[in-house]
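Asker: One-letter residues, chain by chain:
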Amino acid sequence: MANLKDIRNRISSVKSIQQVTRAMKMVAAAKIRKAQERMEQARPYANRLKDEILTLLPEVDRNLLELLDVREVKRTAYIVITSDRGLAGSFNTNIIKCAEEEILEIGKENVDIFCIGRRGYEHFKHHKYNIIEEHTDFWVDLDFNHSVKIGNGIISHFTAKNVDKIRVVFNQFKNIMVQEIVSERLLPLTLDKDVEIEVTDRLYEPSKDIIVKSLIPLHLNIQIWRYLLESYASEQAARMVAMESATENAGDLIRDLTRKFNNARQAVITKEILEIVGGAEALKHQRG
Amino acid sequence: MATFSIEIVTPKRVITEENVSYLRCPGIDGSFGVMAGHTDAVIALGVGEVKVEDSNKEKWIATSGGFVDISSEKVLLLLETAEQSFEIDIERAKTAMKRAKDRIEEKGKIDIFRAEAALIRAINRLKVSGR
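Heads up: the sequence lines are chains U and B, in that order. So in the working numbering the end of the first sequence lands on 288, straight run, no missing numbers. So in the working numbering the end of the second sequence lands on 1131, straight run, no missing numbers.
Possibly wrong hints are sitting among the right ones.
In silico DSBU-like pairs for lysine-lysine, Cα to Cα no more than 35 angstroms straight-line [claimed, not checked]:
#, chain 1, residue 1, chain 2, residue 2
1, U, 149, B, 1101
2, U, 149, B, 1051
3, B, 1051, B, 1094
4, B, 1074, B, 1101
5, U, 149, B, 1127
6, U, 161, B, 1059
7, U, 149, B, 1057
8, U, 125, U, 74
9, B, 1012, U, 213
10, B, 1059, U, 213
11, B, 1094, U, 31
12, U, 165, U, 50
13, U, 50, U, 34
14, B, 1098, B, 1074
15, B, 1057, U, 34
16, U, 208, B, 1074
17, B, 1127, U, 208
18, U, 97, U, 149
19, U, 149, B, 1012
20, U, 128, B, 1051
21, B, 1094, U, 174
22, U, 161, U, 125
23, B, 1074, U, 213
24, U, 50, B, 1059
25, B, 1074, B, 1012
26, U, 161, U, 208
Just so you know, these hints were derived from the structure itself, not from any lab.
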């Protein structure tokens, strides 16, 4: 039986852990509302713009912009979006695992990586992947300028013909309990085979070329913005759930330990009584 | 009067979704009006005011640009920014205008196009806020 002092120390340390996890849960819960709202309000614009691009694509002149290039795929770039901090359950592990599986299938040497978030960066750096850019420590004050900055790096990597295809792996926010890992193609811009677009006869002003030229870069930046918002909301949700179950587990542990503590205390008392009784008996015999 | 549905969306939020009878947009090459039955078109918009008219009310929205997709189903405005006349922070617009003017006077050091664009946006906001 463990001694009383040890158990008491453990109980108090578990209690302080529980305080921390509970605080982290509260913080995540407060952040998630704002993050979710921001993400949900950004979705319509991103989706409408994407639809718009899809209707433009079938009749677009591919020579208009380097971004519209469709080349034979020799090298691929992966954008992996993770968080800066851990303690968010399997949030980062799952993303990294999914990205890594896909990358290893193509071959590590044929892939460039853009790491968004410290967790992913540390992993891929440690395993000596080919990292082109890393963006960390911006999640706290996330704004649209970050996505423009990230976007510029990615776009120039593509237009410089360093890579022929760009994929993104990120957590998509379904609801607080569910985040879905999504891996999708950002570039080149081509239509999926199963999507049918009605080509309509439309008027373009000032001209179709000008519209395409301004919309395509905007589309990419907005997509990246959407990835960041989705990932941020997912991160907070994952952390909240993880911390909630950690708080619960700490509660269970405290209950177990308290029971053990009481057992031990009871045993000590029993032992003391036995000793006293034994002593008294002995005295009685002496007198008698 | 025949109405048609419009949707005004910015990266920050959906501004409005409603049925209207008339819409005026600040095209890059000049303002134009849209009524029900307009031919399909995609038109780039510049800094200016969007006017929305319904049978009994009018609405003004300041925008810094974007584009509009007109189709028979609906008219979709994808704008970089959009503020309805009553939402505009006049004080902020005034400070922005002053800052832009100061910058333009300084000359040389700064990006004159950027300062001018900021000035135009600020003036536009003030104009729309007075509607």
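Asker: Each hint: holds or not?
Answerer: Structure-based check of each hint:
1. U:149 <-> B:1101: Holds, at about 28 angstroms.
2. U:149 <-> B:1051: Given pair residue 149 of chain U, residue 1051 of chain B holds - Cα atoms ~34 angstroms apart, limit 35 angstroms.
3. B:1051 <-> B:1094: holds (22 angstroms)
4. B:1074 <-> B:1101: Answer violated: residue 1074 of chain B to residue 1101 of chain B is near 40 angstroms, above 35 angstroms.
5. U:149 <-> B:1127: It holds: about 33 angstroms lies between the C-alpha atoms, which stays within 35 angstroms.
6. U:161 <-> B:1059: Violated, because 47 angstroms separates the two Cα atoms, which is more than 35 angstroms.
7. U:149 <-> B:1057: violated (42 angstroms)
8. U:125 <-> U:74: It holds: about 23 angstroms lies between the C-alpha atoms, which stays within 35 angstroms.
9. B:1012 <-> U:213: holds (23 angstroms)
10. B:1059 <-> U:213: Holds, because 31 angstroms separates the two Cα atoms, which is no more than 35 angstroms.
11. B:1094 <-> U:31: holds (33 angstroms)
12. U:165 <-> U:50: holds (18 angstroms)
13. U:50 <-> U:34: Holds, at about 24 angstroms.
14. B:1098 <-> B:1074: violated (39 angstroms)
15. B:1057 <-> U:34: Measuring from Cα to Cα gives roughly 33 angstroms; hence the hint holds.
16. U:208 <-> B:1074: holds (20 angstroms)
17. B:1127 <-> U:208: Status holds; Cα separation ~31 angstroms.
18. U:97 <-> U:149: Measuring from Cα to Cα gives roughly 26 angstroms; hence the hint holds.
19. U:149 <-> B:1012: holds (18 angstroms)
20. U:128 <-> B:1051: violated (56 angstroms)
21. B:1094 <-> U:174: Cα-Cα ~42 angstroms, so violated.
22. U:161 <-> U:125: holds (24 angstroms)
23. B:1074 <-> U:213: holds (24 angstroms)
24. U:50 <-> B:1059: Status holds; Cα separation ~28 angstroms.
25. B:1074 <-> B:1012: holds (21 angstroms)
26. U:161 <-> U:208: holds (25 angstroms)
The structure fails to meet hints 4, 6, 7, 14, 20, 21 from the earlier list, while all remaining hints are met.
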